[in-house]
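Trainee: One letter stands for each residue in the lines below.
Protein chains: 2
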Amino acid sequence: MATYTAPVDDLRFVLHELHDATGQFAELPGFEEASVDLIDAVLGEAGKVCENVLFATNQSGDEIGAQWNDGAVTLPAGYAEAYKALTEGGWTSLSCDPEFGGQGLPETMKFVVEEMVVSSNMALSLIPGLTHGAYRALNGFANDELKQRYLPKMVSGQWAGTMCLTEAHCGTDLGLMRSRAESQADGSYKISGQKIFITGGDQDLTENIVHLVLAKIPGGPNGIKGVSLFLVPKFLPDTNNDPGDYNNTNCGSIEKKMGIKGAPACVMNFDGSTGWLVGEENRGVRAMFAMMNHERLWVGMQGLAVAETAYQNAAAYAKERLQGRSPSGPVNTDGPADPIIVHPDVRRMLMTARAQIEGARALYIGVSLSIDKADRHPNTAVREAADKRVALMTPIIKAFLSDMGHESAVNCQQVLGGHGYIREWGMEQYVRDVRIAQIYEGTNGVQAMDLVGRKLPMDGGQVMRDYLAELRSFADAQRDSSNMTEFVAPLEAAVDTLEQSFEWLLDAGAKDPAAVGAAATDFLKLMGLTSIAHMWAGMAAVSLDKLDGDNTGFYARKITLARYFMQRLLPQTVSLAAAVRSGPELLMALDADAF
Amino acid sequence: MATYTAPVDDLRFVLHELHDATGQFAELPGFEEASVDLIDAVLGEAGKVCENVLFATNQSGDEIGAQWNDGAVTLPAGYAEAYKALTEGGWTSLSCDPEFGGQGLPETMKFVVEEMVVSSNMALSLIPGLTHGAYRALNGFANDELKQRYLPKMVSGQWAGTMCLTEAHCGTDLGLMRSRAESQADGSYKISGQKIFITGGDQDLTENIVHLVLAKIPGGPNGIKGVSLFLVPKFLPDTNNDPGDYNNTNCGSIEKKMGIKGAPACVMNFDGSTGWLVGEENRGVRAMFAMMNHERLWVGMQGLAVAETAYQNAAAYAKERLQGRSPSGPVNTDGPADPIIVHPDVRRMLMTARAQIEGARALYIGVSLSIDKADRHPNTAVREAADKRVALMTPIIKAFLSDMGHESAVNCQQVLGGHGYIREWGMEQYVRDVRIAQIYEGTNGVQAMDLVGRKLPMDGGQVMRDYLAELRSFADAQRDSSNMTEFVAPLEAAVDTLEQSFEWLLDAGAKDPAAVGAAATDFLKLMGLTSIAHMWAGMAAVSLDKLDGDNTGFYARKITLARYFMQRLLPQTVSLAAAVRSGPELLMALDADAF
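Residue numbers (this note's numbering), protein chains in the order written: chain L, 88 to 682; chain B, 88 to 682.
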């Protein structure tokens with residue numbers, strides 16, 4: 088029987104001890120009330136809902152899957168009750184504006200609660216997760232009338248939101264889009280076209296669905312500069328703002344997928360559906376991308392969230408399953424064999440997952456704190472710097488964390504041997520579910536291109552240089568602490584490698600545009616590893632201070648994992664740097680026909 | 088629509104040009120007739136059956152899956168016809184003894200044909216694959232009466248074979264087994280017990296099923312030394328050697344699995360079933376392991392075989408899918424966008440898969456040639472050396488090739504973006520199917536332990552040292568060829584690293600048994616990469632000789648891929664060596680409760 092326990096202690100450690108979240112919130116107007124006690128209460132209560140209500144629907148939801156019948160989508164049994172527990176408990180509106188019924192807490196609080204929601208049921212989590220993305224886009228770009236009409240119901244969870252970007256012939260390249268929006272005399276538009284892969288395009292959890300649809304207004308510029316964003320509800324709100332006339336948003340079918348089977352990926356056919364412009368004409372991609380950083384942080388977090396559940400179940404199995412004997416002599420002398428946790432290679436898989444998950448958690452929470460700073464800090468320069476830091480780190484979070492999440496889930500599945508391959512045990516579902524995080528919201532290859540092609544060159548490379556300087560400044564501050572040397576020395580070596588690769592890349596990219604793409608993924612991994620090494624060095628520093636003679640507890644464990652990351656995972660930076668520098672020639676040498 | 092084209096040209100290159108297979112066969116009595124023409128005819132004809140008959144059942148077989156109803160298992164529609172095409176065409180009996188109706192060709196020919204069978208339908212391939220394993224065990228250990236009674240029908244494919252090892256509480260640790268065999272007055276035994284994960288334990292392709300069952304004879308030694316091997320047919324052969332009385336081999340259920348859904352993983356309940364001893368009492372594990380090298384080579388090959396199909400479909404997609412523009416300017420100027428094959432990062436995924444697949448193919452065929460040598464060479468010393476080489480390389484083939492196969496399949500799935508996650512496109516099936524190769528026939532962690540714990544120490548390390556010497560001798564022989572330097576130099580660096588790690592490990596393992604397990608997986612990967620670098624250097628040497636001004640064809644492509652492997656994949660050896668040397672202390676530092 089699979090289990091999930093919310094990692095409240097670790098979230099508290101990262102928020103309070105590593106990042107001093109409340110100290111950061113204190114500088115942000117409106118967040119003064121986000122105290123340690125409040126945060127802990129939120130984590131504890133939300134964790135219970137995830138453990139007790141959501142997780143119970145995870146495996147059955149995968150077995151049943153979302154069902155399409157005659158245009159209507161039914162979600163698996165139990166989803167409606169679980170969704171109700173989430174929304175009525177206020178767990179999906181933590182960071183929403185109190186003007187619309189939200190609780191006005193930091194985005195960071197939304198992210199950490201969402202991590203637990205994803206861990207306990209990733210498929211279900213997508214519905215409120217996408218609704219929040221739509222909320223952010225509307226709150227940022229829609230006019231007041233639209234906001235007043237739609238946001239309260241979205242914040243309460245009565246109505247859900249979707250993002251409708253992809254068409255069958257264009258995913259990454261949105262400029263090829265064919266969906267059309269015809270302007271009407273009343274200021275509205277008639278939207279027509281087909282979108283695919285629309286998560287939650289139809290479902291039976293909410294009484295209405297608010298689609299955010301990218302489409303072209305005829306006569307506008309070609310390509311991506313002619314794309315606008317529209318709000319298109321499933322049912323047009325009536326005078327009481329209740330769902331009224333059906334708006335021809337037809338779900339033509341749902342995809343059979345590898346995983347997240349409880350979340351319907353819909354083919355949506357808009358046929359003269361009424362929509363309203365969100366933001367300016369032909370600036371739809373800007374509005375969509377404004378929430379993209381947020382969405383991509385969310386997706387990266389999904390990687391570690393699913394890996395967390397996979398880890399917990401693999402560790403439980405490893406402590407129970409009796410096979411063979413410890414290489415150092417029997418430990419379970421009364422039993423027929425020892426639990427497999429005695430084997431170094433089983434520990435390797437578990438500790439690799441643990442070092443990845445906890446490092447990733449520290450990193451995403453750090454970036455989400457920067458989102459709050461970018462949203463709220465009174466000082467413009469601080470806001471702008473935070474915004475650029477978020478922009479720089481977004482592709483790292485999205486791609487590196489989802490890659491690590493997948494790797495961790497595969498490793499944890501491996502711990503169970505043949506049982507890991509059998510559906511009953513649940514492990515293979517985590518692998519299938521988490522795989523999508525490497526693909527959607529821009530594939531990880533697209534993230535890598537975003538990092539090296541757009542983010543590194545920001546301000547002539549200064550944003551990246553500021554980040555490197557911060558890593559060096561952390562290392563400098565630890566120089567007098569001799570028991571930090573084992574963490575700081577490998578971190579500094581990695582920062583050197585990262586900086587050299589960065590400067591090489593700026594130079595090579597200026598000479599040959601293919602050099603950027605050729606290095607992209609390996610550079611992203613190199614930077615991801617270095618960023619996480621920074622987090623682990625920080626966690627080691629905090630833990631060394633708290634250790635106080637306890638060599639077996641929480642802080643001792645953190646220090647061991649920090650060492651493990653430095654010694655066994657961080658050395659990958661060396662081979663990644665070699666791949667970065669191998670350049671584009673080999674990749675471009677073959678004709679397309681030779682593939 | 089997914090496609091598969093048998094890689095006949097590449098198989099011919101590896102067999103004839105890289106390994107001089109016919110030259111090797113010429114030294115093996117009985118294989119004189121395995122000429123280039125014969126080999127090519129086999130490859131061509133078998134390839135057509137795989138392309139035209141087997142592959143058509145691959146995706147539908149996954150959708151339908153094996154079905155259990157009231158104790159009987161039905162395989163997906165089309166499997167029976169495909170199995171018939173395989174067996175009646177003689178494609179499953181290539182290497183079997185002519186005395187029992189086989190064609191007496193080298194095992195190598197069986198492996199290369201089997202690669203194509205796996206590529207076109209991995210789930211179905213398991214039935215004849217396991218039958219061949221059972222054939223080898225019986226041919227090696229059963230008495231003449233059992234051989235005469237069972238082998239002709241197994242060779243013809245009328246009867247299938249299984250391997251019944253695992254019980255619910257013991258997979259890796261067979262000494263914990265509970266199945267019992269009671270000796271009968273007529274020399275037979277009554278077998279009782281439950282086995283799980285029995286692939287093909289029941290199916291409707293063959294008229295009888297021959298189970299090879301491990302069980303304990305009461306009163307024998309404890310643990311693995313008291314395990315014997317028995318032949319237990321589903322139906323007892325009657326006087327005409329046709330299937331007669333049912334032998335109480337009951338299939339209690341089949342597992343719901345992540346993949347290979349067309350292959351039933353059965354719970355088998357033996358209830359006083361009649362069986363006959365194969366080999367000696369209490370020596371069952373020896374008989375089972377005698378075929379294990381062969382089985383593990385087969386499983387490792389499955390990794391690249393499935394990856395081959397994944398690659399072909401990813402490459403086809405990348406050449407067709409239009410998204411964005413080449414970084415060096417548009418190439419498809421009349422179209423709305425360029426095919427995604429123009430992007431260096433897409434090429435990176437495809438070339439990584441290609442370098443892994445072709446390198447892996449060269450390696451497994453090399454080892455399968457050693458199997459033939461170990462079986463047949465007239466010189467005892469050559470036979471023994473070949474046998475030890477196979478033993479050394481078996482865990483590399485099983486684990487490294489299945490790991491690379493999974494990684495390649497995941498990379499190829501990634502090329503398709505969202506479409507890779509949708510079942511319709513077939514890519515996610517390859518990922519799900521190939522995943523099992525990392526798990527069954529001994530998990531890859533068990534393989535790594537086998538390598539470092541049993542294989543490296545063989546003859547005091549001499550078997551490994553002989554292998555290292557062979558790698559160095561290859562490098563020495565190329566030293567005067569300046570255009571080989573770019574391949575030989577990185578190979579030699581990898582061999583240095585491998586040798587240092589090996590000597591370090593022998594030394595560290597002598598001091599602390601946990602050091603062996605702690606290094607096992609990373610050492611295996613280090614050795615796997617080096618072995619494949621050897622193959623690529625060899626393929627580069629052959630190709631440089633044949634190049635003859637053609638810079639775009641088959642040989643030029645091989646050279647580019649060899650460079651790619653050396654520059655972008657082989658550098659991983661450096662970080663793996665660092666992980667090997669990090670030692671066991673960190674892995675063993677935490678109490679089990681800290682996991």
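Just so you know, the hints here were simulated from the structure itself, not pulled from any lab data. Hints are not guaranteed to be accurate.
Pairs count within a copy or across copies, as identical chains cannot be separated in the list.
[Unchecked claim] Here are the simulated DSSO-like pairs of lysine-lysine, each with C-alpha atoms no more than 30 Å apart in a straight line:
| no. | residue 1 | residue 2 |
| --- | --- | --- |
| 1 | Lys406 | Lys343 |
| 2 | Lys633 | Lys135 |
| 3 | Lys277 | Lys475 |
| 4 | Lys406 | Lys312 |
| 5 | Lys598 | Lys171 |
Trainee: Does each hint fit the structure? Answer for all of them.
Mentor: The hints, checked one at a time:
{"no.": "1", "hint": "Lys406 - Lys343", "verdict": "between (36 Å within a copy, 25 Å between copies)"}
{"no.": "2", "hint": "Lys633 - Lys135", "verdict": "within (28 Å within a copy, 68 Å between copies)"}
{"no.": "3", "hint": "Lys277 - Lys475", "verdict": "neither (37 Å within a copy, 74 Å between copies)"}
{"no.": "4", "hint": "Lys406 - Lys312", "verdict": "between (57 Å within a copy, 27 Å between copies)"}
{"no.": "5", "hint": "Lys598 - Lys171", "verdict": "neither (56 Å within a copy, 59 Å between copies)"}
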